Amino acid sequence: MRSIAITVNGVRRELDVEPRQLLVYALREQLGLTGTNIGCDTTSCGACTVHLDGESVKSCTVLAVQADGHEVTTIEGLSANGALHPMQQAFHENHALQCGYCTPGMIMAAASFLNENPSPSADEIRHGLEGNLCRCTGYHNIVKAVQAVAGA
Amino acid sequence: MTVTESTTKVIGTSRLRKEDAELITGRAGFVDNISLPGMLWVGLVRSPFAHAKINGIDVSNARGLPSRTSIIPKR
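Here the protein sequences line up with chains A and B, keeping their order.
Take the first sequence: its position 128, counting from 1, is numbered 128 in the working numbering, and each next residue is one higher.
Take the second sequence: its position 42, counting from 1, is numbered 42 in the working numbering, and each next residue is one higher.
Rather than coming from a laboratory, the hints here were simulated on the basis of the structure.
Here the structure is a predicted model, which means the values were calculated and not measured.
Some hints here could point you the wrong way.
Quick list of in silico lysine to any residue cross-link-like pairs, SDA-like style, CA-CA up to 20 angstroms [as the list claims (entries may be wrong)]:
| no. | chain 1 | residue 1 | chain 2 | residue 2 |
| --- | --- | --- | --- | --- |
| 1 | A | Lys144 | A | Gln98 |
| 2 | B | Lys18 | A | Gly82 |
| 3 | A | Lys144 | B | Arg17 |
| 4 | B | Lys18 | A | Glu93 |
| 5 | B | Lys74 | B | Ala62 |
| 6 | A | Lys144 | B | Ser14 |
| 7 | B | Lys18 | A | Gln89 |
Over the 10 angstroms line for every Cβ pair with chain B, so calculated as not near, a few chain A residues [claimed, not checked]:
| no. | residue |
| --- | --- |
| 8 | Ala5 |
| 9 | Val11 |
| 10 | Asp68 |
| 11 | Ala80 |
| 12 | Asp123 |
| 13 | Tyr139 |
Note that CB positions come from ideal geometry on N, CA and C, so glycine has one too.
Please model the entire structure based on the sequences and the hints provided.
Below you can see the structure in the form of structure tokens.
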């Protein structure tokens with residue numbers, strides 16, 4: 001076991017993990033943050049996307065020990081003071097979700113993407129989110145939601 | 001009967017979903033998120049052969065697992 005400290009959603013958390021432990025399992029099972037979903041466990045679907053030092057990563061492809069000393073933001077910590085993050089609000093208003101399983105990862109990826117490219121074209125949004133799969137085929141409205149935030 | 005303005009406020013308009021709040025904030029109750037005191041997990045071991053007759057199931061290795069609660073062989 002390795003002792004690590006990760007700042008998760010602004011709070012320093014100390015935990016003991018096996019060296020092979022994936023970040024997503026540390027978040028879900030050790031810290032109880034089940035908002036980050038596991039879709040495929042193989043880096044294909046993006047459901048487990050979180051921010052590591054502000055940049056989106058698939059947390060099923062990051063070892064917990066790699067996050068030692070770093071900052072992680074999950075969907076639970078994206079909004080502050082009970083208000084929705086603009087991307088969460090836009091997903092709601094643009095019907096960018098149906099079953100909602102891909103949504104936490106999709107929102108985290110979209111928020112990070114806009115930090116890199118604040119005024120993207122529709123094509124750039126689709127390219128930027130190609131690592132996140134939605135099987136309710138909601139991509140059209142997801143693009144609309146990201147455009148709404150970019151244009152706000 | 002006369003159709004008035006008030007009867008067409010819902011039909012033909014886009015409605016905001018009521019179920020979104022928990023889904024967009026990570027509070028959704030997907031089955032894998034549920035954790036209850038004393039909860040047990042089940043692991044299914046299926047035949048590695050697509051079309052075969054099962055003559056017997058040897059559970060002796062499984063019996064040795066330390067955290068096992070029960071084994072239910074079924075064929």
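To see whether the hints hold, each was checked on the structure:
1. A:Lys144 to A:Gln98: 15 angstroms, holds
2. B:Lys18 to A:Gly82: Answer holds: lysine 18 (chain B) to glycine 82 (chain A) is near 18 angstroms, not above 20 angstroms.
3. A:Lys144 to B:Arg17: Roughly 16 angstroms separates the two Cα atoms, so the pair holds.
4. B:Lys18 to A:Glu93: The hint holds at about 11 angstroms.
5. B:Lys74 to B:Ala62: 14 angstroms, holds
6. A:Lys144 to B:Ser14: Judged against 20 angstroms, a Cα distance of about 15 angstroms means the pair holds.
7. B:Lys18 to A:Gln89: 13 angstroms, holds
8. Ala5: 22 angstroms, holds
9. Val11: Given that every Cβ of chain B is farther than 10 angstroms from that of valine 11 (chain A), nearest at about 15 angstroms, it holds.
10. Asp68: 23 angstroms, holds
11. Ala80: 12 angstroms, holds
12. Asp123: Label holds. Min Cβ-Cβ 25 angstroms, cutoff 10 angstroms.
13. Tyr139: 17 angstroms, holds
Going through the hint list in order, the structure satisfies each hint without exception.
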